[in-house]
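Q: Chain by chain, the residues:
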Amino acid sequence: MSGGPGLSHTAAMILQAISAGYVYGYTVMEVTGLPSGTVYPALRRMERDELIVSHWERQSAADAALRPARKYYGITRRGINSLDAARKRYPLLGKLTPAREAQQA
Amino acid sequence: MNREWLPAAMLRAASLIAPGVQRAEWFREWRTELFYVPRNEAVQFCLGAFQDAAWLRKNRETTESGLLHPVSPMRCLATMAVLSAVSLLAASLLPARDLAPYWQLRMRDLLTGCVVMLPMSSLVLLAARLAMGGPAGPAVVSWRSRNRSGLYFLLKVILAQPLMLCGMVLMLRAGTAPLAPLSVGASWILLFRWILLDQRRRCPVCLRPLTHPVRIGTPSETFLEWYGAESMCERGHGLMHVPEAETSFGKREWLKLDSSWSGLFAGATEEKLR
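If you read the protein sequences in the order shown, they are chains A and B. FYI, the numbering for the first sequence is 1 to 105, going by our numbering. FYI, the numbering for the second sequence is 1001 to 1274, going by our numbering.
These aren't lab readings, by the way, just hints derived from the structure by calculation. From the three backbone atoms N, C-alpha and C, an ideal C-beta is built for every residue, glycine too. Treat each hint with caution, since some may be false.
[Stated by the list, open to error] A short, non-exhaustive set of chain A residues, derived as facing chain B with CB atoms under 10 Å:
| # | residue |
| --- | --- |
| 1 | Y26 |
| 2 | T27 |
| 3 | G33 |
| 4 | G37 |
| 5 | R45 |
| 6 | S54 |
| 7 | R58 |
| 8 | A61 |
| 9 | A62 |
| 10 | P68 |
| 11 | A69 |
| 12 | K71 |
[Unchecked claim] Over 10 Å on every C-beta distance to chain A, these chain B residues come out as not near it, computed from the model:
| # | residue |
| --- | --- |
| 13 | L1047 |
| 14 | A1049 |
| 15 | L1118 |
| 16 | G1185 |
| 17 | L1190 |
| 18 | Y1227 |
| 19 | D1258 |
Whole structure, please, built from the sequences with the hints as guidance.
A: Set out below in structure tokens:
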């Protein structure tokens, strides 16, 4: 999964979801319809391959919203290039995930 | 029946599969995600945690661990114990050659041989250790940690004896005259070398391997400036500075980090939670 052409359809869907603003694990699951046992290992694999990066939300922001701090994922330059290549390979990819404004990190 | 405890129990059980250093952060992420999952989907959601933890374990093992570099000291000793037991069994069960029936050794003979070899091996290793230099930063490492490190070293030496003795027996049985003694000598040297190097590659506090080595300085500065590599303990106990060329003014040095640094290390969080 190091380059664009090698991106599987599942990985491309997840990358597309993150690119569309679904930036934490459960929303990626919801929008792609994939089970948790697929989404989370895929997120880790893509993070290892530097297609995405993750960071924890500040605790103060989470406390203000009365919920636990989330781990957010963001797409990297390499991930964008891979996604562009995947969109050419899977033309309907963009239509699978509705665009959503990126959540505050 | 109230089943709210079930997802939490499933996550806790799955966390045991995740590697120890990453466990705290892994568990935190899954617990956070569980907060957003509807109750009727929670159990199904948590089933994925087992797959995720297994992926993490597999990925970590293939990249960072191995037979020669087991991550935890207990795992290293357990590996050595298993290898020693297997070698003792192999040496005691193999049939004797017709020409040399005295090579048929019983388990008790082999164990006695190990006890006899132990002082000799200890002397050789002690001499090698003194030649390589003492432990880095003895002043900043507590007595408790130093004792634990010494005990770990001693246990490795003890567990190496059956490997050395049984290896010698097996090689002498299988090999021809000039090659077999050379192989025995070479394998003993390699084993001694591994015991010493493994000790130097570990954190003097928790005995886990030092990771993420980075080069500091430039080769042209070996004389007037420090040049070498810096490795860190994943649990945030400190940094090991290893100079490229050891001199009287530039030796291996352990830089202890206090608890204020623990937020930067995932392993330190894990240790706190224990």
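Q: The structure should be examined with respect to each hint, and the outcome stated for every one.
A: Verification of the hints:
no. : hint  : in the structure
1   : Y26   : holds, 5 Å
2   : T27   : holds, 8 Å
3   : G33   : violated, 13 Å
4   : G37   : holds, 3 Å
5   : R45   : holds, 8 Å
6   : S54   : holds, 9 Å
7   : R58   : violated, 13 Å
8   : A61   : violated, 13 Å
9   : A62   : holds, 9 Å
10  : P68   : holds, 4 Å
11  : A69   : holds, 7 Å
12  : K71   : holds, 5 Å
13  : L1047 : violated, 6 Å
14  : A1049 : violated, 7 Å
15  : L1118 : holds, 44 Å
16  : G1185 : holds, 43 Å
17  : L1190 : holds, 33 Å
18  : Y1227 : holds, 30 Å
19  : D1258 : holds, 22 Å
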